[in-house]
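As given, the protein sequences belong to chains Y, D, H and R, one line each in that order.
Per our numbering, the first sequence starts with residue 1, numbered consecutively.
Per our numbering, the second sequence starts with residue 1, numbered consecutively.
Per our numbering, the third sequence starts with residue 1, numbered consecutively.
Per our numbering, the fourth sequence starts with residue 1, numbered consecutively.
Keep in mind that a hint or two might mislead.
[Unchecked claim] Pulled a few chain D residues facing chain R out of the computed Cβ check, cut under 10 Å:
#	residue
1	R23
2	P64
3	V71
4	I224
5	I235
6	T318
Since the hints were made in silico from the structure, they are not lab data.
Nothing here was measured: the structure is a model prediction, and the numbers come from that model.
Virtual Cβ for every residue (Gly too), placed ideally from N, Cα, C.
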Amino acid sequence: MTVMSYLGAIGAAQREAMDADERVIIIGEDVEANVYGTTGGGKSRSSEGDFTQRYGKNRIRNTPISEEGIVGAAAGAAMTGLRPIVDLSYSSFLYMAMDQFVNQVAKNRYMFGGQASMPVVFRSAMFYGLNTGAHHSDRPYPMFMNVPGLKIIAPSSPSDAKGLLRSAIDSDDPVLSFEACLLWGTKEEVSDEPFWVPLGVARTVREGTDVTLVAISGSVPEAILAAADLEAEGISVEIIDPRTLVPLDRNAILRSVAKTGRLVVAEPAHRTCGAAAEISALVAEEAFDSLLAPIVRVTAPDMQIPFSPSLEKQMYPTRETIGAALRLVTGATGVARAALKLAN
Amino acid sequence: MTVMSYLGAIGAAQREAMDADERVIIIGEDVEANVYGTTGGGKSRSSEGDFTQRYGKNRIRNTPISEEGIVGAAAGAAMTGLRPIVDLSYSSFLYMAMDQFVNQVAKNRYMFGGQASMPVVFRSAMFYGLNTGAHHSDRPYPMFMNVPGLKIIAPSSPSDAKGLLRSAIDSDDPVLSFEACLLWGTKEEVSDEPFWVPLGVARTVREGTDVTLVAISGSVPEAILAAADLEAEGISVEIIDPRTLVPLDRNAILRSVAKTGRLVVAEPAHRTCGAAAEISALVAEEAFDSLLAPIVRVTAPDMQIPFSPSLEKQMYPTRETIGAALRLVTGATGVARAALKLAN
Amino acid sequence: MTDLSSNDLLEIQRRMLRIRRFDERASKMVKRGHIPGTVHTSIGQEAQVVGSTFALADGDYMSGNHRSHGHPIGKGSPLGPLMAELVGKATGVCKGKGGSLHLADFSVGSLGESGIVGSSIPIATGAALSSKVLDNGKVALAFFGDGAANQGVLYESMNLAGSWKLPMIFLCENNQYALSTPAHTVTSGVIADRGAGFGMPGIRVENGQDVLAVYAAVKTAADRARAGDGPSLVEVVTYRYNEHSEGLRLATDYRNAEERADWLSRDPIVLFRNHLIETGVSAELLDQMEADVLAEVDAAVAFSDASPYPELSVAFDDLYTDKEISA
Amino acid sequence: MTDLSSNDLLEIQRRMLRIRRFDERASKMVKRGHIPGTVHTSIGQEAQVVGSTFALADGDYMSGNHRSHGHPIGKGSPLGPLMAELVGKATGVCKGKGGSLHLADFSVGSLGESGIVGSSIPIATGAALSSKVLDNGKVALAFFGDGAANQGVLYESMNLAGSWKLPMIFLCENNQYALSTPAHTVTSGVIADRGAGFGMPGIRVENGQDVLAVYAAVKTAADRARAGDGPSLVEVVTYRYNEHSEGLRLATDYRNAEERADWLSRDPIVLFRNHLIETGVSAELLDQMEADVLAEVDAAVAFSDASPYPELSVAFDDLYTDKEISA
Ligand SMILES: Cc1ncc(C[n+]2csc(CCOP(=O)(O)OP(=O)(O)O)c2C)c(N)n1
Ligand SMILES: Cc1ncc(C[n+]2csc(CCOP(=O)(O)OP(=O)(O)O)c2C)c(N)n1
Ligand SMILES: [Mg+2]
Ligand SMILES: [Mg+2]
């Protein structure tokens, strides 16, 4: 075991996978110089862990700024024998390649009756909460959830980052990984041995009996704080981190709600048609009889992200807004409702 | 009043708007030759209603096949004094321009503190159900619903097509119009006078007391048939067509569910993170206390669209699958559940 | 063409004929409702298609577009599964799930046609990348139209292929129209000239009805690619004889009668037949070939007719490789 | 430059100085945490920026990118609201909602900088379209980097502008690097040479540190645009003196010391100061100008300091024009 940061764990998974399989290559802008910190030991080219040194330029491919071309080329390469990992840096750049994601990456295997397989991973970071303004701050995973044929992971801890990425790279299907910059620095003990966290299996972050709190990506740490607050108030919160958004571990969520009868969903994406909407709808259909209270979503509002720090901080779920939602569904109070109103 | 087809009504709205305001222009592939039937009287260039004849090539702009460039150029034109209508033909082509939609069209006004306004309409047709295979059959409106800053209409009748499009063109905000090819031929009496259907106001297609059925776009005609079937069985169905998906007429839906206590949502989009998920989540949060039964979604499954007619027909909500859902929530039967399983 | 044997020359004619007869039959079947949806024929463009595919090796890759039957046929794909695919049968090359717009036959290096204009160009680029990384000597070719030449992704792909010296051919089928839109009204500059700015040869085959002229240009590009010298852009000027798609009826004034007559007078199959006869091939042999090809098409239709439609549940296969998580 | 008055020449130097001093200050403020996030300076590229903006008329439009302060300053935007925007104050030119990456000042024709590389190019193209449709004589210019020159949307825009003969200038700021990536490693061919294939002049200003050389090239393009002759591509070769963005620390080996020293020895502001002195402008006057500009920057910071942060509720304005339906 080693103490690894979230970012370090991603680097470790990439290194393991590249060592294990020659067909794994990395494609992306500025990957050669390790600008985003997952293709090197340190920030220097000469440092030991540097991927370009280790694997050579044939496998570490620095690209032009051509997201659409890169994503499509990675798809074509995946269809013909390689297993590319594409570093798209920020999630906000995925839109440039949307046609390739939807019309080629997601559809080709199906349209061609199974002739194609598409073992490719697309990584990107959701750069929200860092005062970079509306262009860099997107958390667009919900729109990709609406596209059949993609798998989607959103790890919230270093261990999951490592283990899910290994599974993603080993998957013969295309996987999008949404990483939250706010988690980059998070540290924990992670095994140095290879391990795989299976796609489609949720993590119960914390067990509880009174209310189920499904939390996604950067909302997980806030959820943990909120649950601790509630515990002090005598309310027992079960936190579930789906980790994989597609395929979603429906059973884990349904089982928990069957136990608690109450559900809050927290995520950093915009509200309308978000993952929280899907999870809420799932439960309203499949676990209706267990439900004792309204299902409350704690999300970013349907608003773009303002730059000013004084404005941005109110845009994402926090310990406070999640706490308010938990209080509301476990015994609604006027204060909790007012706090939520502000947030959504 | 004249009997107009859905497509004819769109043409009429465009003609009215172009007559009323010189700043309105039409941009798109093959609009000059009226290939898609909304920029001409007939299919011939010489026919009286032909837009190129009537408005000239300065205002009817045939474009290269460059969706990203076109959408961005329309946005730039809208920011500087024009009011473009962009004909993107099929909805599946919108992905090519996704960056422009999300990062420019939706964000500019907000990012620039209100300096920009963006009076532009993007029309496209969802070409599903016509055996054209996975590339042309998309119904991608849910992913755009997750993008704050866009308005979205999805008319299901000729009158709404005309009235909503006029409102869209007159809006100072960007509006995406998703039209269903399956509705193109639908006919009804439509006023020859200009009229405006306000954005954000649902249409109650049919009143009822036992169950609320929210139906979207091409699912509306199937919903009407299903409701008639249920009426024969003694169950009274209230059908609500939101017409505008953003802004959504939340009150109309909540009021209806408050009355009926039951909700089914039918739409042709994929299930996960669809509009049905949003509507279900809204009701599970805001009208929980009225709910007497699980909320059931009837949608396309999370599967791409196969070409073969023998396969495609089972992919979208039908009178039968909607009927099964209605029966389920108004007094579940084993048969209804089995029918739904097949569909989702 | 010194590198083409007399057998090769006959095979070229046979493939052009296959495309012509297959597409003629498909056109009829669309009009009679035997093929659902629509199809886009390559009739009139056979020299451009076969001149290109024949310059590739068997193991080479290609991607295509909506004008989709000619490419796999040109690359040697058997007709039966293609026809069955058009009809939506279980024995179709894509199990009936692709249809005309999305033919793919990986057994001949066909990585897929695309209903989205321009969208498959980077797929071929990626195949060229595999070839380079795995060092397996394969070349990849992307077919796209004059209309697609205005999609930005083409230039991203050209730049990427040029920067990485990928073994790649960008093959523009300039049939001078994109649906109703004349290329010259929406194209600034000359497509082939765009190669230079992206650091690669840009070759314009003015007489795209001459299959050997097309072959020569593409062969040069393929040799260059295989030698490690990087990509080329080849623009072939040609003409489609039919409407944009079968069944579509547009105002006729976007293409005029003289223009059509001129191009019809230079039918690539007739031209090459004459050429073969001039070089000593007997008319009887060529007539026999015509009959054989017609029989092949008949057999393909019979194969399709005899095939079942796919089971309902097939719609729920093949989205992911691990079935249990599908839907 | 016959068309530039001596006042114009002084104004050119003043604008270059404004950019330099503004960016130097912004850099410090980032490092001290007074500006949140990061900024990308135009230090070293002032000749390229001001040579371009000064060739435009007041009413002309432009769009820009992440290297964003120089463009509006070059176009004449007052410094106070720009600085307040960088800090996130309510008096910012975008009310604090845009920040450094998304400066826009419609009062000087600045239609917005863009954090997404390449994404604002079609915005300027659309402005040129308005100008053409409304026949108002305005020109639109899109600034983008050598990195952005590999985004497909540039070529879609060039083709569109060429086909429609829009009054448009595509201005490539080739500072030879995109973040850590040397342009020559990811660019196939020469950017300026890409103009020809898209039917427009492609001009390369090799000495982009010479503000009058840049001005001359852009003025020619602007005149051409205004005369109705369509768009031009202008590539200006220049160099950024600072790191890609302020606060970023990268392995230094992607740009070498000699190269930097060479470019530093050709500081555009020093070069132009010398030129002005040679043509008879007094050093005192230029020193006074330097002092004035510093004072302007001080005043901008003071303006920002004195300004309040926006109210919380401001975050919920300006998404739509009709407020009642916002969120
Ligand atoms: C991205 C996209 N935009 C538009 C279309 C609609 N469309 C299909 S074919 C076509 C014309 C294509 O012209 P070209 O590339 O020249 O090919 P051709 O049909 O002439 O062979 C158009 C506009 C599409 N399928 N995809
Ligand atoms: C679409 C997109 N891809 C990647 C980035 C990340 N990024 C920001 S600036 C930059 C380099 C841009 O280089 P260039 O266009 O040459 O401009 P310069 O910074 O040199 O002025 C990159 C890769 C981005 N912002 N947007
Ligand atoms: Mg064409
Ligand atoms: Mg640069």
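Okay, the hints, checked on the actual structure:
1. R23: Holds, about 8 Å.
2. P64: For D:P64, the interface hint holds, since the closest Cβ of chain R sits about 6 Å away, which is under 10 Å.
3. V71: holds (7 Å)
4. I224: Status violated, d = 28 Å.
5. I235: Where the cut-off is 10 Å and the nearest Cβ of chain R is about 34 Å from D:I235, the hint is violated.
6. T318: Hint violated; D:T318 Cβ to chain R Cβ min 33 Å, cut 10 Å.
Checked against the numbered hints given earlier, the structure breaks hints 4, 5 and 6 and satisfies all the rest.
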